[in-house]
Every structure is written in structure tokens, then in C-alpha cells.
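Q: The listed protein sequences derive, respectively, from chains P and V. Quick note on the numbering used here: the first sequence kicks off at 338 and runs consecutively. Quick note on the numbering used here: the second sequence kicks off at 338 and runs consecutively.
Honestly, the hints are just simulated from the structure, not real lab data. Remember, predicted model here, so these are calculated numbers, not experimental data. Be aware that a few hints might be false.
Given that identical chains are not distinguished, each listed pair holds provided it fits within a single copy or across any two copies.
Derived DSS-like pairs: lysine-lysine, alpha-carbon spacing no greater than 30 Å straight-line [unchecked claim]: (1) Lys392 <-> Lys737; (2) Lys642 <-> Lys467; (3) Lys650 <-> Lys392; (4) Lys429 <-> Lys610; (5) Lys378 <-> Lys618; (6) Lys763 <-> Lys651; (7) Lys651 <-> Lys368; (8) Lys737 <-> Lys356; (9) Lys698 <-> Lys618; (10) Lys722 <-> Lys618; (11) Lys460 <-> Lys357; (12) Lys737 <-> Lys357; (13) Lys642 <-> Lys392; (14) Lys368 <-> Lys618.
Residue-level listing of the chains:
Protein chains: 2
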Amino acid sequence: MRYLDMTKEQLEAEYELQKKNWQAIKDQNLKLDMSRGKPEKGQLDLSLDMLCVLKNDVDCQNRDGFDTRNYGLPTGIPELKEIFAEILGVEKDEILTGGNSSLNMMYNIIADGMLLGFAESEKPWCRYDKIKFLCPAPGYDRHFSICQHLGIEMIPVPMLETGPDMNLIEKLAGEDETIKGIWCVPKYSNPTGITFSDETVRRFAAMKTKAPDFKIFWDNAYLIHDLYDEADSLLNLLDEAKKCGTQDRVFEFCSTSKVTLAGGGVCFVASSKANIERLAKQLSMEGLGYDKVNQLRHYRFFRDKEGVYAIMKKHAAILRPKFEAVIREFEAGMGDAGIAHWHTPHGGYFISLDVMENTAKRTWELAHEAGVTLTNVGATFPYGKDPKNENLRIAPSNVKLEDVGTIAKYVCVCAKLAALEKLLQKA
Amino acid sequence: MRYLDMTKEQLEAEYELQKKNWQAIKDQNLKLDMSRGKPEKGQLDLSLDMLCVLKNDVDCQNRDGFDTRNYGLPTGIPELKEIFAEILGVEKDEILTGGNSSLNMMYNIIADGMLLGFAESEKPWCRYDKIKFLCPAPGYDRHFSICQHLGIEMIPVPMLETGPDMNLIEKLAGEDETIKGIWCVPKYSNPTGITFSDETVRRFAAMKTKAPDFKIFWDNAYLIHDLYDEADSLLNLLDEAKKCGTQDRVFEFCSTSKVTLAGGGVCFVASSKANIERLAKQLSMEGLGYDKVNQLRHYRFFRDKEGVYAIMKKHAAILRPKFEAVIREFEAGMGDAGIAHWHTPHGGYFISLDVMENTAKRTWELAHEAGVTLTNVGATFPYGKDPKNENLRIAPSNVKLEDVGTIAKYVCVCAKLAALEKLLQKA
């Protein structure tokens, strides 16, 4: 029965029941953590063969005989770039290899924008009193941290089932010259799990922006992180942008952090040929290139695109039952109460749970008291503020399968108890 | 006989001789390159055992059982930090591990200064119309590139036998609030090969600066890169600075780029505890930490400080005969002519050759025409301009030992021919 349809007496009875359920969890003195989207050990072990794939000096030469142990090839070894150019659906001169953190590459590009501006910029972004970024929310907390770190004002944009609210984005970006960029996780969005619709992608490519140097930070972190054979499909933004002549506004990112090693992967940035050329020049001023031995290690381990997809299937086999356990428990535990909704993602790393308005923080507290750590409420919003206090990010990857369902069940109890407290206050 | 003491007839005869020598070199259609300070293959092979030192999942755990393949430990695994803290002579909380490029870490810190300022800054450096760096010259071209890239005005400071001209540095930094930093390669300086005297280091620690946020970028790239058992000794700047309360002005850097792999090493930054804490926080906003698998690979390969020094002895055994061949040929070829001088370094990667004023470019051209590529003249000076047109950077590491002496001999011929052309113009 839906809580909203209950009488005061029914609510009170249900409150007593859930309070008892919650106390029973608490009495177990658990210590469970579902706060971070880290891969589990079994996923890291999928790349064990990569560790020693380069054994000697000859192994360290790339296909052209270049010794990856020495200086040179600052944009990355071509054979690995080719694999990821194919996966991203871009040309060989539209991609560049970075270090072990795509987030760091995003930061670098924004920092370059602040310090130097882009080709189309009137002036470096740091020469404005204030610049702004559009922030589809809930979103990835580390994107928002970058803005906050650099003093870039964040304008939240609601996330819909089709992606961020494009009407609002077109309006805002079309009017305000100081809006310089937007963060997107277009496939299996962090945390809502949705994939942007074709129309959303086309509108990103076609939209007019007041700022000539408006940039889309297209963090395609989960591009190949499908849980099922039937994957969500995402339109190629760079292709669409080329049709509109807006390819210079696109910076697309991906990495092997959740393919091989979370701390020891390789990242890539794709953009227009002109942007990649400019970026390569800038990066060559800012350091001595990235670790090409690790690039070659990845290439030898993957061999080709199919090798990458083969590993992703193994990741899916580990992650899928965890996601399904969460969804199953949510449906069993909260399907009837009508106090929460969630999207069932087909990939990525997160399930986004919207509990009853104004009860997310209380749900988090109740879970915490009962020994279950969830991602901080608000983390998924600019400035850490969830305006409706309703969103919880569920990160099942680094929890043991046998615990995932249990935690999800406990989250239901906490969400229900928090809702009942609120409803009884009003009743 | 010194060229300056020769009669016109003697100069003409010598010119004919050197011209013939030069032509004989040219006729060989050589293609020799001594332009870059890259390690040779034999040096890279010294770390072959590092490639496969981590073989399985258990190997990937650090001493505390942390899985280096996953996210976490953003300032680096402690066991490797400890080794390099000991080598640098700093405390464990005065060091932080970076990625594969110390140059990139230097850039990051300056970029952070531009965008955010330092703890003592009145405002971020980018909020000034212009800031300036002192640039001891000749120096490392990539330091100067960073300044040029960021629009930081470079003020050249002459290099003396004891280090940069401290009288000038104290005067300039003491007067001008917009002078925010200085570049130093204090040991086996790039390219002059000298090591800063104790007095120079003490004056760096003690000097008054007009800018409260003046920073010393102490690029200790060759800290352990001795060619002989009897090494140059360098005073510990951070220690000296602590005595003066100026430890927050010091950022010291080193890396394993020329210990293990030039493209796949690990870098370190040392500074005051307060600076390291602040930097760690900033870096945590700017990325997801550096490759800890590679850090652990280094640790397991080195085992301890002695392991690092043992490898450096093997590097010295490869490099020493090359340096000695250059010096031997310079002495034989130019000792009498009195047209050039050079420092005989006890470590590092370079020999700095000062030819007769206004003949470095011509020497370079003559060498180039004869098939020998040297580092571009001016590269070692701010804005690529060697005001006296006299400095050539000799980089023998990546040349085969049997070619090093030959190239040095040819350089002598070119330097003499260029000098003779100039002297005959005047005669």
C-alpha cells in the first residue's frame, strides 16, 4: 500500500514495523560501505595478464621500433590510439593519449582555458570576473569539484530521462556569454544511469551559444561499460557536431580506469583535429608526455578492439548480478510504498535512488547509524547541495555480491523509516 | 698557439687547414645527433628487472595490504616516498609522489599559482598584469618554455662557477613584488654542469624577497646522477630554509626519469609540510592521483636507498667514458687555440661549451652542414636568445661511445673554423 494513501493509524503501525526492522539491522553491528564507485578486486584481476606483458627490451618497442621507455611520441603510441579512436568513432588525428586520469585531462583543458583561452576565445577565462558552467544534476561530484576549485560558478540543470533539460541549456547558453561550458556523462550517466537520447545529442551539436568558446566536456566514462548485450546506444557527438561545424566545442573523454586498473590505466581525449593539434602543443609545454610503457602494456594486453570488448563482457558478468540484486530489493522493499523511484541502468557504475523529498539526508543518517555507509547526500549536486534532499547514489561495484542485496534491503528500510517520520510529522 | 695571438697570415693558414678538416668530415656524409639529453638504450636496460617485478594480485599490494591497482593513496605509496625522502633529506610529510614527469609537476604548481595563488599570495598570479621569473642562464630550455607558455616574463641571470649571480638575484627579488619565482638546477646544472656553492644555497634560504609569495623551483634533476665516487656536494636547501623560516618558498623536485625509465618513471616534490598538505589538497581536486602500480614497481625494484644508488653507479659507468671522451677531445682540439671554455662536470647530463663570442650559431651551422646535429643555439636561454651567441649544449648520453669522441672532435673543428671566419673578417 502506498504510504500516501495510509491513514495515520496505518502509518503509525508501519512506522513501528520499520523501526523494529531498522533496530534489527543496527543490532548486527555491521560495517558495510557502498559509497564509492571503485571496481572490486575480481575486476582488477581481469587484467592480471597485463602486468607482465612486457618482459624485456624488445617487448618495449612499439610496432615502429620506437623504444617506449625513452622520451618521445608525446601524443601516445599510435597502435593504442587507433584502438580507442575506433571505439570512440573518431579519426586518428582526432585523439590524444593522456596519463592515468581522464579527470586530470579534463582539469588540464579547463585550466588551459582559464590561463590561455581557446582558439576562439576573446581572452583567457581567468580574465573574466566570473565564468559559469552548466552542471546537469545529479551528476559526477568530481566534475563539480573542479569548478569549485577554480571558482567557476555552477548552474544546475535538471536531468531528465532523455538527458539534461535541453530547453534550459539552449536558453542559458544562448543568452549568457560567460557560460563557457557544460559537464556531461552521456552514457549510463553518473549517477542517474540514463543515456542521452539522439535528439539530446543533436541539440548539443546544433545549439547556438552566446560564447564563441563554449565547450562541452563529454565524459564518456561508461562508453563501453554495458551490463547487457543489448546496450544503450549513444549518438556520436563529434560526428553530429561536424555536420553543424561545431566540432571545436567538443572535448570527449574516456579511459581504461574501469577496463584495466583504476589507478594504473590510460586515458584519451577526442576532439576536432584543430583542438587536438592545439592541445598537443600545449601539453608539450606542460610536461614531457605520458607513460608510453603503460600504453604499450595496454596495447599488448588488448591486441585490438575486440580484446577490449572481451574484457568488458567479463566486467559485466561481475557487475550485472550486483545491479540486479539492488533493483530486485528496491522493487521488493519499496515498490508498494510509493516513496521512491529509481532508474534501472543498462550499464555504468551507479544506481540513482530518489527517495521521498526532504528525506535523503535522514535516510543516509539512519543507514549510517545502522552501519551502512552510502555516498554523502548532496555529493552529486553542485556545491554539495541537493535542493530537494532526495537523491542517493548507490555504488554496488566494490561490495561483495552476497552483501549487495542485503545493503539494498537495508536502504529500503531506512528510506521507508525516514519517509514515515516525515509523514507522521505532517499527519 | 692562441688564435688571438696569430698574425693574419697564420690565421689564413689555420683557416685553410680547418676548412680542409671540415670538408673531410662533410665528405663522410655523416648523420650524428648529439642534441638531446636522453638516456641510451643500455641505461634503460638497467631497469629491465622492474618490468615484471609485479606478477600477480598479491604482488600489487603495498606493505600495508593496499591494492595499488585501485583508487586511493593520492600522495603515493609510503614505502617509495620514504626512500626518496631519505635521498632528498626531507621528512615523510614533506614529500609527495607525482606521475612520470617532474616537469609536469613544476608546471602544475606554477599553474596553481597563476589560478589560485599560494598561501601567502595577495591574489592569484594571473590577476597581475605581468609577473616575472628569474632565469639563471644558460639553463634548462623546458623551464623557460613553461614561462613563455604562461606569459611569465623571464629575467636572465648570469650563471657563475658558484651558481647564479646571487648579488643580482637578491637585488632584483628584493625590489620587485612582481618577481614571483626562480628556476634552479642546483646540482650538475643543466647545462653548465656546476653545483651551487654552500654560500649560494644559504643566500637562497636567507634572502629577503619583496613578494611574500616568491617561490624557488629547485629542480634537483641530477641529485644522484654522479659520474664519480667523489661527488659534488650540495647543501640541503629545505634545511637551510627552515633555519630562516623560509621553507614555504622552496619547491624541490626529482624523478626517476634518468634512474629507471625516461618515459615511465615516477617524480617527487618536496617542500614544507604546509605546502605539501596544500598541494595534496589541490591535486586531489585536479585528478584521481597518480599511477601507484608503477610506484610499487619502482619500490620493489629498488628495495631501498642503496638499491637506487647501486643503479646510479651503473649509469655512471656508461656515461663517464662519454663525458671523458668529450673533455679529452675538447682539450686536444681547442686547448691551445684559446677560443673556447667549458666546465668539466662531475655528474648530470650535459657539458656546456662556450665558443668564441658571436660564433655559436655559425659553429652549429657548420656542424649541421657536416652531418652533426647539436642542440639549437639559444635553446638554453630565455626566449631562445643567447645574448653572446656563444653557448653550445653538448649532450653525449644518447650517442654511442665510439661516436662521442668523434663528434666532439668535429665540434672542435667547427668551433675553430667559425672563430677563424670571424677573426679574419676583423683582420
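Q: All hints are to be evaluated individually against the structure, with a verdict given for each.
A: Now the hints, each set against the structure:
1. Lys392 <-> Lys737: between (34 Å within a copy, 25 Å between copies)
2. Lys642 <-> Lys467: Neither way: Lys642 and Lys467 sit 43 Å apart in one copy and 48 Å across, limit 30 Å.
3. Lys650 <-> Lys392: both (27 Å within a copy, 24 Å between copies)
4. Lys429 <-> Lys610: Within. Shortest intra-copy distance 9 Å satisfies the 30 Å Cα cut-off; inter-copy 44 Å does not.
5. Lys378 <-> Lys618: between (38 Å within a copy, 27 Å between copies)
6. Lys763 <-> Lys651: Neither. Shortest intra-copy (49 Å) and inter-copy (78 Å) distances fail the 30 Å Cα cut-off.
7. Lys651 <-> Lys368: within (28 Å within a copy, 51 Å between copies)
8. Lys737 <-> Lys356: within (26 Å within a copy, 78 Å between copies)
9. Lys698 <-> Lys618: For Lys698 and Lys618, the Cα distance is within 30 Å only across copies (26 Å; inside one copy 46 Å).
10. Lys722 <-> Lys618: between (38 Å within a copy, 21 Å between copies)
11. Lys460 <-> Lys357: Cα proximity of Lys460 and Lys357: none, with 62 Å in one copy and 56 Å across.
12. Lys737 <-> Lys357: within (26 Å within a copy, 79 Å between copies)
13. Lys642 <-> Lys392: both (23 Å within a copy, 25 Å between copies)
14. Lys368 <-> Lys618: between (49 Å within a copy, 28 Å between copies)
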